[in-house]
Amino acid sequence: MGQRELLEITNLTKRYRIGDTDVLALDAVNLVISRGEMLAITGPSGSGKSTLMNILGCLDTADSGSYMLAGEDVSKLAGDQLAAIRNRRIGFVFQNFNLLPRLSALENVELPLLYASRHDAKTLARAALTTVGLADRTHHEPNQLSGGQRQRVAIARALVTDPAIILADEPTGNLDSQVGRDILDLFHRLNQAGSTIIIVTHDHEVARHCGREVQLRDGRIVAEVQHAPHCQPSTTKETTAAA
Amino acid sequence: MLFWTTIKIALRSMLANKLRAILTMLGMIIGVAAVIAMLALGNGAKKRILGWVSRMGKNTITIFPHNSKIAPVLNGSADPLSLGDARAILKIPHVKYVSPVVTAWQPVKWGGNFTTCNIVGCAPTYIKIHDFKVQSGAMFTDYDCQDIASVAVIGPETAERLFGSQDPIGRTITVSTVRFKVVGVLVPKGRHGWFDPDNQVLLPYTTAMTDLMGRLVALNHIDLQVDHAANLNRVQAACQRVLRLRHSLIYGDEDDFWISNQLQVLKMANRIGGAFTLFLGSVAGISLLVGGIGIMNIMLVTVTERTREIGIRKAIGARRRDILRQFLIESMIISLLGGLMGVGAGIVAAHYVKFRSFSGHVEPSMVFLALSISAAIGIFFGYYPARRAAALNPIEALRYE
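Chains C and V, in that order, give the protein sequences. Residues in the first sequence are numbered consecutively from 1, following this note's numbering. Residues in the second sequence are numbered consecutively from 1, following this note's numbering.
Next up, chain C with everything else stripped away, as it sits in the complex (with noise of 0.2 Å):
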């Protein structure tokens, strides 16, 4: 693995057992991510795109192939091994936000330091929450905020921990179209800047954003489309942007 290449996943395979028929929900995939990469992975239902979510976030593992994040193999780790992974080198943003509900955003942001007995945890998320121009809503819980704005703490708290990778399942899926556009915008600075995302979607509008889009069926990789770099979000195309 070079250096460029931050994540790579060689003959990745995962079945499920449902009821008594077994389902191959990835079959064999490979793929490389560079650092500093947009991607997008999209498919239908069913596709394996969430199964392939898991594994690349660490909360799950391949029965075969193999996984290499940043020049480590995590594909044979297990448990608190993976806790770890997830804590240093992965940023989860979810559909639902899934911020705790009685914890202040600040508090929010955090939590996955102090998981790392970070002592400067209060100062980085501070910062955090101001890179996503939240800087005076800190001591706001959830319930005060509004989708948009949990959403921007949910990508602090994933940005937090100056992760490897942040992984957006579909980030923008609970957001009307204009504030799902700030979101990306916001993803795309934070590309700019650095840091390699990774979009799990079943939108091709929001992967149209991405550098890359990976589609996938029936739990194979069947297309690999490179989008203009940094397509800004049109004024013109409001109707389709959010499911």
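Calculated directly from the structure, the hints in this document are not laboratory data. The C-beta atom is built at its ideal place from N, Cα and C for all residues, glycine as well. Heads up, some of the hints might be wrong.
Stated by the list, open to error - What follows is a list of derived Cβ distance ranges for each label pair: (1) C:A84 x V:W4: 16 to 26 Å; (2) V:K8 x C:G19: 40 to 50 Å; (3) C:D218 x V:K18: 21 to 31 Å; (4) V:K8 x C:A84: 20 to 30 Å; (5) V:N17 x C:L24: 22 to 32 Å; (6) C:D136 x V:P364: 27 to 37 Å; (7) C:S146 x V:L289: 41 to 51 Å; (8) C:T10 x V:S372: 51 to 61 Å; (9) V:A275 x C:N143: 51 to 61 Å; (10) C:A228 x V:V301: 46 to 56 Å.
Go by the hints and put chain V onto chain C.
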């Protein structure tokens, strides 16, 4: 830092479910309060008994005939305790005072007044052995004993019942059918349950034996006082030797008397008191157990309700032990807060609840014990729910609605 955040989260989630938290804690509050109150009561009873035993004189030994406290020897094979025995015991080193004692339950009359009380025939040393003081008049003397004088020293309660507010000194009371001149009144010691040292009549043992009880040899017991606590066991052994010799017992014969020293009585009272306290505490402890089960129940509900939160925490890097610790801290907060309030309630209860003449007596060690037990209950009953939380699969937990 994570620790404080965890406590903050636990307190906030309790605040969000106030009624539930209070009801769960109530189980602990009642349990701990019951344990504290019962331990305090047992302890109070023990203290009362020990106080009573030690107020009946220091370093005393009592010798009873033939293992029987009440009836003098009836079977012919055993010798009764005699005045000769008492005199022999007086010669034993370290023995300060000896008094032969005969007792009977007899009616006492003066004027139109009447009471029934314990009649004690004894030597003048009896009041020294048992730490009685005379408040008016004086104790009868050895001469009175030699002369078989018809004199009596009465307890303050007896004086009250017979004479009311009048001065009893110099007046003549009738015990059974025999007349005695009152020469002294004792200082009150305070009633202790069923035994009342304030309602008794002391007579010279010679007079009591000849005029009242019609027996000339058999004593009910011999009371003695030893100069120092350290010599109690030595003197007890010497008494045993002397009495075996005097009663012509040979090797292999059982003692035909029974010696009880105050240290043993204190030890026994202590043991009985301790067992009583333990028993009460254990019964109360059952409610603590029920409180613990309540905590476990609520923690299981909490873990289920917060499945998604657990999923989020795991996704951002919480390890198993982080989740385990979080829920253990929560259950410990519930049990410790409940325990603290229970200690408060228990102290109040121990203060107000009285059982016969025993009142509760709380000691710091009980508070410490109760709090340790509640913390232990928090850990014990919180462990299973916490482990369930820690073992959740992050993907499924995140998907949980």
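To see whether the hints hold, each was checked on the structure:
1. C:A84 x V:W4: 16 to 26 Å: holds (22 Å)
2. V:K8 x C:G19: 40 to 50 Å: For V:K8 and C:G19 the Cβ distance comes to about 44 Å; the hint holds.
3. C:D218 x V:K18: 21 to 31 Å: Violated: the Cβ-Cβ distance is about 52 Å, outside 21 to 31 Å.
4. V:K8 x C:A84: 20 to 30 Å: holds (24 Å)
5. V:N17 x C:L24: 22 to 32 Å: The hinted range 22 to 32 Å is violated for V:N17 and C:L24, with Cβ atoms some 44 Å apart.
6. C:D136 x V:P364: 27 to 37 Å: Once the Cβ atoms are compared, 51 Å apart, the range 27 to 37 Å for V:P364 and C:D136 is violated.
7. C:S146 x V:L289: 41 to 51 Å: holds (49 Å)
8. C:T10 x V:S372: 51 to 61 Å: holds (56 Å)
9. V:A275 x C:N143: 51 to 61 Å: holds (57 Å)
10. C:A228 x V:V301: 46 to 56 Å: holds (53 Å)
Checked against the numbered hints above, the structure violates hints 3, 5, 6; every other hint is satisfied.
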